[in-house]
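**Q** Here's the letter readout for the chains.
There are 2 protein chains.
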Amino acid sequence: MSQNIYDNETFFQEYKELRKNVYNYNILVEQPAIRKLLPDLSGKIVLDLGCGYGNNCIDFISKGASKVVGIDISSKMLEIAKKENIHENIKYIQMDMSKINILSQKFDLIFSSLAFHYVEDYKKLICDIRLLLKDNGTLLYSQEHPNTTAPKKGCVWTKDQFGNKLYSNLSDYMYSGKRKITWLNEKIEKYHRPMSEIINTLIKENFIIKELVEPIPDENALKKRPDFIDEFHRTTCVIIKAQLSH
Amino acid sequence: MSQNIYDNETFFQEYKELRKNVYNYNILVEQPAIRKLLPDLSGKIVLDLGCGYGNNCIDFISKGASKVVGIDISSKMLEIAKKENIHENIKYIQMDMSKINILSQKFDLIFSSLAFHYVEDYKKLICDIRLLLKDNGTLLYSQEHPNTTAPKKGCVWTKDQFGNKLYSNLSDYMYSGKRKITWLNEKIEKYHRPMSEIINTLIKENFIIKELVEPIPDENALKKRPDFIDEFHRTTCVIIKAQLSH
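Chains V and H, in that order, are what the protein sequence lines are. Residues in the first sequence are numbered from 0 upward in steps of one, following numbering that gives the first Met the number 0. Residues in the second sequence are numbered from 0 upward in steps of one, following numbering that gives the first Met the number 0.
Treat the hints loosely; a few may be bogus.
Which copy is meant is left open, so a pair is good if it fits within one copy or across any two.
[Stated by the list, open to error] Straight line, CA to CA, 25 Å or less: simulated DSS-like cross-link-like pairs of lysine-lysine:
no. : residue 1 : residue 2
1   : K164      : K179
2   : K186      : K209
3   : K15       : K186
Honestly, the hints are just simulated from the structure, not real lab data.
Hey, can you work out the whole structure from these sequences and the hints?
**A** See below:
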């Protein structure tokens, strides 16, 4: 079973505070970039892996999806989803991402935002996704960038005397595997995989890479968060769009 | 016209010395990794962009290629190629890689080893390559890894007091463009492009990504060059195999 840090009460309170800031990374950088890559959703059936609050699920409905299944390991996340983003065509299920092979439905789009870096067995996940996708179905997901997940000591910046970030300390990039880092005062387990492993696993499971995005803040985002200029030194996340070949 | 640093006499003497060391990076890491990805060459026509000494050209012949064209901007490189790696089915041409659109022949494989990071207009290069490839033809190339080319100040390591490399100073990754660095006592111009730009340019030109390799030294290489363990912190090069879809 995957780590369920979001059901840790203290952690979740901290996380909720972070998410309240409408000028956070997800809202200003990751969300606009991944939404740009969405295929036409009219009448489509979508699975959202690690759906969290359900914001993307409700967005898919507004874009015409006929059915959305959102799964998340955290009951606390889903409590909020069921309050804030409820819809008759959205079904929320508490489920570990490593258990999706029990789903019987097939999907047009499998989507995931910033969750795959928590998954230990990426190869199995991609295999499970392949089996759940219709022919020509799309996988669209973001995860932390390998340059961010690589260092065994966590992603650390070297700063100048004024606190400006000079460069990111890149190490351990080719050592695929578990990383233990501290986030919001809690120990978090993540999994680092080099870009080549991420890409080649998809290709071996019959996916065609359609686009790779290393998102950067636009002018508007930089006005709100000038510190996001550091994303130009190394991007926090990577977004991959892949299509199952028939 | 691209920079022709290899025809600088002083630089070329230094370069030849470096290449004489049979325990260098090219021989121990890059060459074995890229050769593993070669398709079946029996009866195939191959173009080698930046062929240098012609070692790969002669290797293609030994693997059954019926014809090989090797181009290089440097006359000094080709002088050596024409001495050491001559064959009736290899044609060496002194030519800037940005001029390959004048070639009239079509190829089964277009190959390039550690040269594309010298090319300013990558988009044009990939477009030219597409036009020179037969349907289902293969592009196989290595170039310096974006994590190596990114820093505007050149790729620098932070070391401990004993000189051991701790981490690579990663910066400027999302600023695509020219980099001026010093190598073998000469100023060299290279072009950095983020991984996403490298990959998406290929996809837009109708290539299907078949494999992405971030090569690391094997046990044998590490015995000869224990210092190559640092490649696990960040790899010097990346290798891409792509197929033109029909």
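**Q** Each hint needs a verdict: does it hold in this structure or not?
**A** Comparing the hints with the structure gives:
{"no.": "1", "hint": "K164 with K179", "result": "both (23 Å within a copy, 22 Å between copies)"}
{"no.": "2", "hint": "K186 with K209", "result": "neither (35 Å within a copy, 37 Å between copies)"}
{"no.": "3", "hint": "K15 with K186", "result": "within (17 Å within a copy, 51 Å between copies)"}
In the structure shown, a violation is registered for the earlier hint numbered 2 alone.
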